[in-house]
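Asker: Based on the sequences and whatever the hints tell you, model everything.
If you read the protein sequences in the order shown, they are chains A and B. Numbering-wise (the numbering used here), the first sequence opens with residue 1 and increments by one. Numbering-wise (the numbering used here), the second sequence opens with residue 1 and increments by one.
Careful, some of the hints might be misleading.
Pair by pair, the computed Cβ-Cβ distance ranges are [unchecked claim]:
hint : chain 1 : residue 1 : chain 2 : residue 2 : range
1    : A       : K295      : B       : E387      : 17 to 27 Å
2    : B       : K317      : A       : R322      : 24 to 34 Å
3    : A       : N394      : B       : H214      : 33 to 43 Å
4    : B       : S129      : A       : S382      : 41 to 51 Å
5    : A       : P80       : B       : S259      : 47 to 57 Å
6    : B       : T358      : A       : S382      : 33 to 43 Å
Since the hints were derived computationally from the structure, they do not count as laboratory data. Where a beta carbon is used, it is the ideal one built from N, C-alpha and C, also for glycine.
2 protein chains.
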Amino acid sequence: MRATGVVVEYNPFHNGHYYHLQESKNVTQADCIIAVMSGNFLQRGEPALLSKWKRTKMALLGGADLVIELPYAYATSHAPRFAFGSIYLLQAAGADSFCFGSESGDVTVFNETHELVSSQDHVYQAYISEFISQGFSYPAAAAKAYEQLNMPLTLDLSKPNNILGFEYIRASRELGSVIKPLTIKRKNADYHDVVLGKGDIASATAIREAVFSHDIEKAINYMPSFTFDILKEEKEDKGALMNWERFYPLLRYQLLSSSPSELNRFYEVEEGLENRMIEAMKDSDSFHSFMIRLKTKRYTWTRLQRACLHVLNKVSKEDMHRILESPPAYLRVLGMTETGREYLSSVKKSLELPLVTTVSKHDFEGLKMEAKTSLVYAQGASLSRLEAEKEEYNTPPVMVK
Amino acid sequence: MRATGVVVEYNPFHNGHYYHLQESKNVTQADCIIAVMSGNFLQRGEPALLSKWKRTKMALLGGADLVIELPYAYATSHAPRFAFGSIYLLQAAGADSFCFGSESGDVTVFNETHELVSSQDHVYQAYISEFISQGFSYPAAAAKAYEQLNMPLTLDLSKPNNILGFEYIRASRELGSVIKPLTIKRKNADYHDVVLGKGDIASATAIREAVFSHDIEKAINYMPSFTFDILKEEKEDKGALMNWERFYPLLRYQLLSSSPSELNRFYEVEEGLENRMIEAMKDSDSFHSFMIRLKTKRYTWTRLQRACLHVLNKVSKEDMHRILESPPAYLRVLGMTETGREYLSSVKKSLELPLVTTVSKHDFEGLKMEAKTSLVYAQGASLSRLEAEKEEYNTPPVMVK
Chain A
1 MRATGVVVEY NPFHNGHYYH LQESKNVTQA DCIIAVMSGN FLQRGEPALL SKWKRTKMAL
61 LGGADLVIEL PYAYATSHAP RFAFGSIYLL QAAGADSFCF GSESGDVTVF NETHELVSSQ
121 DHVYQAYISE FISQGFSYPA AAAKAYEQLN MPLTLDLSKP NNILGFEYIR ASRELGSVIK
181 PLTIKRKNAD YHDVVLGKGD IASATAIREA VFSHDIEKAI NYMPSFTFDI LKEEKEDKGA
241 LMNWERFYPL LRYQLLSSSP SELNRFYEVE EGLENRMIEA MKDSDSFHSF MIRLKTKRYT
301 WTRLQRACLH VLNKVSKEDM HRILESPPAY LRVLGMTETG REYLSSVKKS LELPLVTTVS
361 KHDFEGLKME AKTSLVYAQG ASLSRLEAEK EEYNTPPVMV K
Chain B
1 MRATGVVVEY NPFHNGHYYH LQESKNVTQA DCIIAVMSGN FLQRGEPALL SKWKRTKMAL
61 LGGADLVIEL PYAYATSHAP RFAFGSIYLL QAAGADSFCF GSESGDVTVF NETHELVSSQ
121 DHVYQAYISE FISQGFSYPA AAAKAYEQLN MPLTLDLSKP NNILGFEYIR ASRELGSVIK
181 PLTIKRKNAD YHDVVLGKGD IASATAIREA VFSHDIEKAI NYMPSFTFDI LKEEKEDKGA
241 LMNWERFYPL LRYQLLSSSP SELNRFYEVE EGLENRMIEA MKDSDSFHSF MIRLKTKRYT
301 WTRLQRACLH VLNKVSKEDM HRILESPPAY LRVLGMTETG REYLSSVKKS LELPLVTTVS
361 KHDFEGLKME AKTSLVYAQG ASLSRLEAEK EEYNTPPVMV K
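Answerer: Here it is as structure tokens:
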């Protein structure tokens with residue numbers, strides 16, 4: 001059986017994602033689609049709207065056959081590490097290609113850009129360092145550095161999706177190009193769109209806006225009916241749609257009851273950010289107003305939210321460095337279809353990494369971090385510790401026929 | 001001017017407290033009543049119903065002339081240390097006597113008990129250790145040890161008020177008996193009463209029960225009108241009456257995001273209590289259900305609540321030991337009447353400890369702990385950090401004419 005891979009967050013799953021999965025299948029003629037998906041916390045430094053279990057169900061109903069968890073350490077990291085962890089896991093799961101969404105739809109542009117940039121990597125890195133020392137954020141510095149290289153501008157590296165695409169290519173090269181990169185042209189909808197437009201495709205950002213502003217019915221045309229049903233059920237029955245505001249009291253408590261040196265122990269809290277965080281919390285009455293106060297030119301919103309996530313989850317520099325010393329050590333299956341199950345049976349013996357279906361049977365550092373952060377996530381949904389532990393340790397992979 | 005002292009929590013101030021203040025004045029013929037009052041957290045290991053500022057106002061309206069803060073380290077400690085800190089501060093403030101409430105109303109009983117017990121202190125302590133090793137809590141072990149001494153049973157040392165009285169006497173002896181102990185006979189109402197009885201005196205416990213069960217009007221006969229007005233205003237305007245349940249989400253977050261060894265750093269968390277705490281949090285959906293699971297014969301409810309307070313406030317063993325190395329180092333004035341002000345002017349030059357009226361001008365370790373724990377308390381009332389800091393650092397003493 002042939003498998004292709006996708007890297008996803010599904011926050012939540014919408015028509016654009018559905019189109020991407022269908023096209024990936026068409027283009028590759030794969031028998032099985034493997035989705036590497038972030039768990040409860042995402043790359044923009046945010047809690048996912050819905051738990052990983054609900055999002056796994058959406059993924060399977062939407063066309064994926066096997067969902068593998070991208071561990072917290074990668075899922076909440078900057079683009080290079082996020083991409084490396086994802087592609088590493090797809091290759092480990094036996095995918096011979098992966099398909100990412102892009103504006104151009106032409107993978108050549110990405111390959112060329114990668115070749116050009118890597119041929120001048122030392123110059124490029126030196127420019128980046130210089131722009132960072134001038135106070136630019138990493139993505140801004142990278143885009144400016146790229147400009148300085150005076151190359152034919154085929155790829156705008158200031159766009160998040162292009163940066164990710166570029167990093168996927170770099171990761172696949174690092175891994176020896178066993179896994180082949182492909183790209184699917186995205187249908188309208190910009191990543192940063194915040195309003196719902198015409199047609200049936202909108203950005204996840206716009207959909208989340210609609211969901212939280214009580215206009216969930218307005219978003220109905222932009223998502224498959226199963227997404228709408230799950231969102232509606234969660235919203236009405238439990239008020240269990242998560243966002244940063246739900247965790248704001250806990251973050252505030254953590255910031256106000258910690259000394260600067262205690263905060264500095266946490267990952268991505270450095271260069272005096274701990275003092276800024278405490279100061280910004282002074283007169284804030286919501287996560288949003290706190291972030292407005294915290295923001296400077298030096299750090300992107302995303303970078304700051306990630307630091308907040310690590311404070312909320314009490315993830316120390318030490319723990320993170322220890323986990324990141326080596327690549328992901330296991331393949332955690334969050335869910336599969338019948339096709340996914342057949343695929344796993346067919347490749348089981350040749351897999352390089354152990355398959356994890358029940359967390360309680362394994363002892364990986366990465367899984368411990370998953371359990372720890374899941375306990376925090378569960379508090380947003382007011383789950384008891386027992387429920388949260390059951391969910392994390394004993395939930396069998398989601399099965400969809 | 002002559003001053004007498006009282007040791008209080010006023011949680012909240014009621015008719016029994018009013019009677020106690022009037023009688024203290026009658027008995028001692030003092031010109032000024034000094035109340036040493038706990039701040040935001042209390043000896044039973046609970047957050048106070050109302051902030052120290054509201055309770056100071058009640059104290060002054062009810063007959064006290066000067067309110068001095070009992071620092072967190074003493075206010076949330078077992079009876080011997082609570083009593084020592086209180087009597088030490090009263091003596092330092094220049095009181096030549098202090099009046100505590102008791103069932104007997106006869107201080108001789110307390111003096112005799114203290115003399116008898118201290119004459120056999122080594123035997124008494126040995127019995128206590130033995131009973132503790134058999135699994136009894138400290139108060140139970142102390143009461144049983146006292147029984148074993150085979151003394152004429154004049155004082156029931158299993159009752160909280162008697163234990164406190166006994167410890168006040170012991171503290172005053174330790175301090176060289178400069179400050180004279182007196183006792184006022186309490187009018188009906190047992191400390192542990194949970195229902196409102198006949199007459200106009202009820203226990204603070206029963207009053208709190210009424211206040212939280214929405215029956216605040218039923219408690220009107222048991223408290224001065226100013227208490228009722230303040231309680232009603234707080235309850236209606238801000239929902240700002242505090243109890244453990246309001247802090248439960250923060251305690252839960254703290255317990256669930258800490259490792260046992262991190263919890264073990266906190267004061268009074270020892271002998272594996274950290275593991276029991278984590279375990280007890282598993283299936284609890286309220287502070288009360290958590291405590292029911294946590295309780296064992298070995299620890300009193302109070303002792304366990306105190307450990308929870310220190311976890312909530314992140315008060316480490318190290319910090320606490322450093323503060324407790326020496327007796328209280330300052331007299332913090334929370335409020336005064338005109339009489340209190342005159343009294344302070346008259347004794348100012350002879351005071352052994354510095355007077356603190358504005359916290360921001362001083363640098364005592366104890367005050368830092370006060371500020372830290374006040375920030376946590378303020379989160380129950382959803383105060384911003386700025387408001388909480390202003391309240392703690394810049395509130396001038398409450399003045400009542």
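Asker: Take the hints in turn and mark each one as holding or not.
Answerer: Each hint, compared with the structure:
1. K295(A) / E387(B): 17 to 27 Å: holds (23 Å)
2. K317(B) / R322(A): 24 to 34 Å: holds (27 Å)
3. N394(A) / H214(B): 33 to 43 Å: Hint holds: Cβ distance 40 Å, inside 33 to 43 Å.
4. S129(B) / S382(A): 41 to 51 Å: holds (44 Å)
5. P80(A) / S259(B): 47 to 57 Å: violated (30 Å)
6. T358(B) / S382(A): 33 to 43 Å: For S382(A) against T358(B), whose Cβ atoms are near 41 Å apart, the range 33 to 43 Å holds.
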